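Protein chains: 4
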Amino acid sequence: MKVTVYNEYLHEVEAESVRRVYPEGIHAALASAVREHVPGAQVRTATLREPEHGLTQEVVDSTDVLLWWGHKAHAEVSDDVAERVRRAVLDGMGLVVLHSGHLSKPFVRLMGTHGSLKWREADEKERLWNLQPGHPLLAGVPDHFELEQEEMYGERFDVPDPDELLMISWFQGGEVFRSLMTWRRGHGRVVYFRPGHETYPTYHHPVVRRIVANAAAYAAARVRRDDSTCPNPAALEPVPNPGKEHVLKP
Amino acid sequence: MKVTVYNEYLHEVEAESVRRVYPEGIHAALASAVREHVPGAQVRTATLREPEHGLTQEVVDSTDVLLWWGHKAHAEVSDDVAERVRRAVLDGMGLVVLHSGHLSKPFVRLMGTHGSLKWREADEKERLWNLQPGHPLLAGVPDHFELEQEEMYGERFDVPDPDELLMISWFQGGEVFRSLMTWRRGHGRVVYFRPGHETYPTYHHPVVRRIVANAAAYAAARVRRDDSTCPNPAALEPVPNPGKEHVLKP
Amino acid sequence: MKVTVYNEYLHEVEAESVRRVYPEGIHAALASAVREHVPGAQVRTATLREPEHGLTQEVVDSTDVLLWWGHKAHAEVSDDVAERVRRAVLDGMGLVVLHSGHLSKPFVRLMGTHGSLKWREADEKERLWNLQPGHPLLAGVPDHFELEQEEMYGERFDVPDPDELLMISWFQGGEVFRSLMTWRRGHGRVVYFRPGHETYPTYHHPVVRRIVANAAAYAAARVRRDDSTCPNPAALEPVPNPGKEHVLKP
Amino acid sequence: MKVTVYNEYLHEVEAESVRRVYPEGIHAALASAVREHVPGAQVRTATLREPEHGLTQEVVDSTDVLLWWGHKAHAEVSDDVAERVRRAVLDGMGLVVLHSGHLSKPFVRLMGTHGSLKWREADEKERLWNLQPGHPLLAGVPDHFELEQEEMYGERFDVPDPDELLMISWFQGGEVFRSLMTWRRGHGRVVYFRPGHETYPTYHHPVVRRIVANAAAYAAARVRRDDSTCPNPAALEPVPNPGKEHVLKP
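Sequences listed follow chains X, G, V and P, in order. If you count by the working numbering, then the first sequence holds residues 1 to 250, one letter each, in order. If you count by the working numbering, then the second sequence holds residues 1 to 250, one letter each, in order. If you count by the working numbering, then the third sequence holds residues 1 to 250, one letter each, in order. If you count by the working numbering, then the fourth sequence holds residues 1 to 250, one letter each, in order.
Looking at chain X on its own, in the form it has when it is part of the complex (with noise of 0.2 Å):
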C-alpha cells in the first residue's frame, strides 16, 4: 500500500505554539500513525512548498492512497495539482480529508457543494461517538472516546449525504458534527475525519492515529482506471440502425 501525506505545513514553521505540537510537522504525526497500525505500508509526505507542492503526476499516479491536511493556504494550492488529485480519485485513489481539508481544492471538488461549517476555538471537549462499531474504518475504536481540547465544528456542515456515516462528535459548547463519513466518487473512495486543529495534540491520541490509519487501509485503491471519457459500442443485440452516422461526444 503506497501512502501519500500532504500537509500544507505552514503553521509548524510560523508558530512556535504548532512546532512545539508537532516538531516534525503534522505529516510527521500522520504518516507515523499509518506505520505504526499498516505493516508494510510505503509512506511518503508532500508540502504545500515544494515544487507542485509535491504532488507531481509521477507521485499520485504511483499514490494509493492520498492524505491531506492543508487550513490557511487553500488557494495556493494550485488549479492543475486540484485536478490532478480529483482525476486520481476518480480513477481509484483514495483521498484521506483532514479537519480543515473541508474547504481544500480537491474535497470541494469532488463533493460539488461549499463545505462549510461553523466553528470555534475555545479549548473545548469533544466525545466522538462510534455508529458502527463493525466497520473496518473503526476496527480496534471504542465506543466512544474523548479528546479534552479540540476546535469545535458544528452543523449544518454542507456536504453531500454519505455513502456511510461512521461517528458523530458532542461538543462541550453544545453543537454536534458528522465527524467520520465516506463518499465513493468514480472509482475511487474519499473519507473525512474531523479531529486535528494544528494547535492541539490529536494526531497524537492513539485511538485517532488508528482511526486515520483505518482511513487509508480502507479507502487505498483496488482498481486505477480512467474512465473520464464517452465510449461508442456496438450494440450487443440486433438493433435498427447499427450503422447508422452521428456526432462523436467529446
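If you are wondering where the hints come from, they were derived from the structure by calculation, not from laboratory data. Errors might be hidden in some of the hints.
Copies of the same chain are indistinguishable here, so a pair counts whether it falls within one copy or spans any two.
What the hints assert, rightly or not - Computed list of lysine-lysine pairs in BS3-like fashion (alpha-carbon distance at most 25 Å, straight line): (1) Lys125 <-> Lys244; (2) Lys244 <-> Lys72; (3) Lys72 <-> Lys125; (4) Lys118 <-> Lys72.
Nothing here was measured: the structure is a model prediction, and the numbers come from that model.
Chain X is fixed; fit chains G, V and P onto it per the hints.
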C-alpha cells in the same frame, strides 16, 4: 413557481432534421410540458447565444427551478455562468438536467465526477421501468413505458450514488441505464432524466412531458439561502476559553 | 389528509404526574398539533385498550398517515394489528413513529433491526440541530432549538441507515442521537422523531408540534396499492420459450 | 473464515432435470465456488430436512457468513431458525441471499418489505452490468457478462433502497433488475445476488462463482456482538437529576 428552461439551441438552428422535430426549439417543447402540467408556473427560456446565455444573475436569482438541455457546446458555457448556477443550487434552486446535459458544466461541478457513460445512435427502442410509483416525481407515470427510437446511454454512468433511483432503462441493443435519479446538493435538489436526443420527438411524448413537469415541481426551491461561509458562533454552553483568539477562516 | 393517532394511553391513566402534563392523553396533544398546522386534516385517535387497539382494518384502510406513541406495553399490541400496520405501510400508508415507539412492533418489523439505544432519565437538556433547513419536514423549524428537560436517547441506535438524516440531538449528559430520520418501505414512508417522554411537556412545545405536523404531511400516502405478490407477466420482447411450464410462486 | 451454505435441497431430490445440473445439490456447487476463490475458507452445508435445518444455535454461532438458497419451501423453515438467523446478522454474521431467497423468512424479516418482484421462466438471456468495478465484491468481474438462459426477475423489486447497488440485469424479454445489492443490518451485512434458477447451470459459470465467493468474503463477520437490549448508562457530564428513578425498559 418560477421556471427557467435553458437550451443550447444549436441543433435546431443548424439541422433541418432537428428543426422538423422541434420547430420552435427544444426549450419551447420543455416549457410547454411544464405549463401543461403545473398550473400557475411562470416559465421563461434562455439560450446559449444570448448575453450570459440568458442566465444573468437576476434571472438565476428569480428562478425556483432551472431545466438544462445542452449537447455539443458545453465548453462554450462560460465558467462564470456555470459557477452562478452551481451556487444557486447550493442556495436552494432546483436543477433538472436532461439527456446530454450529463456533461454540462453545472452538472459536472455539482457531482464532482466525470459524468461519462456509453452511448450509441441506432434508432433503438428504450423501455423505462418505474421503481417508485408512489414518488411525487412519478405521479401519473405507468409502471413502464416505451420510446420507439432513442439514443442509447449505457452503464457505467459515472455519477455519485443518487439519493433516489427512480427509473431504469432497458435498451434494445442490450444495455441498461439509471434513467431518473435525484441528488441533494446544499439546499437545492438536482434531478437527472435521461431521454431526449434532439433527432427524436421524445419531448412530445405524453409520459416524458409529465416526468419533466413533475421533476420541475419536485426540485423547485423551498428555501433560498447563502450558506457559503463558515460562521464562528459563541458557545451555547460553558466552555473553558470562550474568548480565545484565533485565525479567521475565509 | 386522513390522520390516525395511536397512543398506548396507559401512563396518563395510571400516573397523576403524567396526567398533569397530558390531561387528555398524549394522543390529544399530537392530534391538536396536526390540526393546528395542517388545514383540512381529518384526525382520529386510537388507543391500546380499544378493540383491535382502535386500528381495525377499516380504520387502517382509510388512514393516509398513522402516528404511533407507545412505551411500556409494546408486547400487548397484537401481532395481527402490527402486521396490518406493516402491510399498510408497504401499500403506501405513512407511519410517524415517536420517541419510545422505537421498540414498537410495527417499527421493528419494518426496520428488521432491534431498534435498541442508550437511554437515561435525568431531566437533562436536549438541543436538536437542523441538518436540512430546505426539507419540507423542517419547514418553519429554526437551525436549532432546545428542550429544557427530556429523557436522553444515545447512539448507537440500531436502525438501518436512513434515506434522510434530518436532525441530530446534543444531550447535556454527553451523548448524541440521530433524532429525525426517514425511510421508504414499499410504497410507504416511515419517519422517526425522537422527543416526547411522557413526563415532560414536549408535545406542547411549538417547534416539536410543527415537526410532528410536518412529518404527518410528508409521510401521508400518495398511492395505496398492494404489491405483495409476484406477477408472472408475458415477455415484452421475443424470448426462446414463451410458453414454458413452471412452478407458480406464492 | 467460517462459511455455512444453506440449501433447501428439494428440487435436486425430486426432479431428475435438476439433479442432472446439480448432482450433489446446489449447496455443493456454492460451497465449491467459495472454496475455489477463498483460500482457507472452512465451508459447511446445511439443508432443510436436517434437524433445525442444519442451522442449530451452535452452527449459527460459529458461522461468519451464511449463504441461503431456498425456493418452494420457505414456509417450512421454522420461525425459530429464521429468527436465529436474523439475530445472528444483527450481531454481525454475514448473509448472502441467492435468487429465490428473496422470499425467504430471514431475508424478508431483515428487510421489512415483501420482497416481491416479476418473474418468468422462458429460457431467456440475462446480461449483468457491473456498476462498480472497483468494489471488492466485483474483484475479477468484467464490465458485463451473460447467462445464456435464466429465469427472468423484473422490477419493481420490493426491497428497501440498498446501501450499495452493484449490478443491474438486462433481460431478453424486456425487463431490468437490480441484481446485486448490499444492506447493513445491525452489525451484519446482507448481500442479495439474483441469478441461480435450479434448472440452469448458473452456479457452474465462472463469473457467477467468483461473485458468490466475493460476496461471502465481503459479508463475513468483523464483529460478533449482541446489542439487542437498551443500556441505561450514567451521564458522562453533569446532569440535573442523575439519580432519578424510572421505569426500566425491556
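Each hint, compared with the structure:
Taking the shortest alpha-carbon separations for Lys125 and Lys244, only the inter-copy value of 15 Å comes in at or below 25 Å, while the best intra-copy value is 66 Å. In this assembly of identical chains, Lys244 and Lys72 lie within 25 Å of each other by CA distance solely across copies; the values are 18 Å between and 54 Å within a copy. For the identical chains of this complex, Lys72 and Lys125 are intra-copy neighbours only, at 23 Å inside a copy versus 36 Å across copies, given an alpha-carbon limit of 25 Å. For a Cα distance limit of 25 Å, the shortest separation of Lys118 from Lys72 inside one copy, 16 Å, qualifies, whereas the shortest one across copies, 40 Å, does not.
Hint compliance for this structure: every hint is met.
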